[in-house]
Amino acid sequence: MDGNTAGCPVHQGRDDRKSAKVAEASLGVASATRVIKSFAAARDFLRSPKVRQAGATSGQVDLSKPDEISFFFLDGELHRKRRAAVAGLFAPKTIVTRHHQVMNRAIGEITADLQKRGSAPLDELSWQMAVDVAADIVGLTNSDSNVNLATRVRAVLDASITRRKGVLSKLVLGVKMLLAVNSFYKRDMVPAIAARKIQPKDDVLSHLVKENFSKRGMIMECLSYAGAGMMTTREFIVMCAWHMFENQALRERFLSGDDNDQFAILEEILRLEPVAALIQRRVAEPFEGANGASLQEGEVVSVSIREANIDEAITGPCPFELDPDRAKRMKVVGPFMSFGDGPHRCPGAQVAMHETRIFLDRLFRLPGIRLVSVPQVSWNPNINGYELRGAIVACDPA
Amino acid sequence: MPSIRFIAANGSEEVIEASAGISLMENAVANGIEAIRAICGGNAYCGTCRVYVDPAWRAVTGKASELELPMIEASGDTDPSVRLACQIIVTAQLDGLIVRTPVSQE
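Sequence order for the protein chains is A and B.
For the first sequence, the numbering used here gives the first residue as 296, with consecutive numbering after it.
For the second sequence, the numbering used here gives the first residue as 1272, with consecutive numbering after it.
Since the hints were made in silico from the structure, they are not lab data.
Some clues are possibly wrong.
[Stated by the list, open to error] In silico SDA-like links for lysine to any residue, alpha-carbon gap of 25 Å or less:
| id | chain 1 | residue 1 | chain 2 | residue 2 |
| --- | --- | --- | --- | --- |
| 1 | A | Lys626 | B | Glu1285 |
| 2 | A | Lys388 | B | Pro1273 |
| 3 | A | Lys376 | B | Thr1349 |
| 4 | A | Lys510 | A | Val470 |
| 5 | A | Lys626 | A | Phe615 |
| 6 | A | Lys626 | B | Asp1366 |
| 7 | A | Lys623 | B | Pro1273 |
| 8 | B | Lys1334 | B | Val1353 |
| 9 | A | Lys376 | B | Ile1343 |
| 10 | A | Lys623 | B | Ser1283 |
| 11 | A | Lys388 | B | Gly1303 |
| 12 | B | Lys1334 | A | Val470 |
| 13 | A | Lys360 | A | Gly512 |
| 14 | A | Lys510 | A | Gly371 |
| 15 | A | Lys388 | B | Asp1366 |
| 16 | B | Lys1334 | A | Ala380 |
| 17 | A | Lys388 | B | Gln1358 |
| 18 | A | Lys388 | B | Ala1280 |
[As the list claims (entries may be wrong)] Part of the chain A face toward chain B, derived, beta carbon under 7 Å:
| id | residue |
| --- | --- |
| 19 | Pro344 |
| 20 | Ala379 |
| 21 | Pro387 |
| 22 | Lys388 |
| 23 | Pro495 |
| 24 | Gly552 |
| 25 | Lys626 |
| 26 | Val628 |
| 27 | Arg640 |
| 28 | Leu666 |
[Stated by the list, open to error] Examples of chain B residues toward chain A, derived with CB under 7 Å:
| id | residue |
| --- | --- |
| 29 | Ala1291 |
| 30 | Ser1294 |
| 31 | Gly1312 |
| 32 | Thr1319 |
Glycine included, each C-beta is placed from N, C-alpha and C at the ideal position.
I would like the entire structure built from these sequences, with the hints used as guidance.
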């Protein structure tokens, strides 16, 4: 609705973003949607009770059976209650007192393995970290292995968000989806459910078992929490590592900084390189936007996270520069719009920040750690986000 | 502008001139009150903007809403005066409000 990308008057427009070119070339906004670009308008819109979830495959979801669909697709009181029931699992105190143990154990195994092998694909290492943490929080801890669990989750998510035209293609995709879900349920959920019926734990799945969720309801909820946690954190860790491998001063500041300074660095990288680029909502009641735009009932509107995050009204000058002191100087909350806003704000935001901090802190302290090859930046059109593949890291042997 | 007093756990005090119409949390962050972290940006999803409302002001601010309770509970904070600052909208009626901040927001 409004533009805001004036060049930086101080540094002649230095642009530290690594995903900008691919995003600009690939970002597909549904043709009929308006796009909100300013931070203030985006926040007002996303926090309004007059808008509804319109992201992912929400148009195909049957809202008349809320117990069988993911919290992601719900709105209002029902959505609030579903989120609130497991909110404690994502609270800062829980992360520090409980999830840090899982994160430290995971990165310990990852770095030990890297030191044995000498080198490894960075996204493989970040994927392992993200999977181990998400699996523990969700309660998918009785699978044959976390690597296989992650593969099955990915297969279901890929099948569920891929769009195909033509009857035959849709049919093939439907069969693929059915097989993927069946495999995930039998190999990952059934043993985990059985274990929790005997001995409940403090995780998402135990809550679902306790509340007698249906099979379908459990699958949907677990896939939402696990899939989001795994897929996005994998990319974010690689992006942060890439920035810091190439910027020695930034890496040294990260390693010598306290927790708050480390978070400030990660949040600033995330501002420049948000993993998800777009959020979509449907207007349920006529809505007057912050900039005076009238939004009509039924209209689907996109919020550009990438644009909101470079809105100079909130970032101050030089919005394309990586400046970890920016948020404190501007007296704003660090990640800006990167985790969304309003009732649907990412529930695992703090988990992602903590696991990324712990992962990179340990990785960068490995003797001889170096980036052998930079990642290729590609675009995943199904989730409108970047993917980073092919980065190789190496270190001295243990 | 409503005047609001923040008293830290160590007893130090800061008085801010707040803007009406936005939350107490946003006013605190804009005025550099470091004890208010607010890492979720004001969505009642982190519980890191907790404040203890002075007894004399509890009737004016009201009790914690249902929206606030999950994160207050997750923080382990059992103080009956606790609120999330992001859910208190500053109005002229809050001129003179006194709130205390916890030792830690985690």
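request  = May I ask which of the numbered hints given earlier this structure violates, with the numbers listed in increasing order?
outcome  = Of the numbered hints given earlier, those the structure breaks are 2, 12, 15, 19, 23, 24, 28, 29 and 30, listed in rising order.
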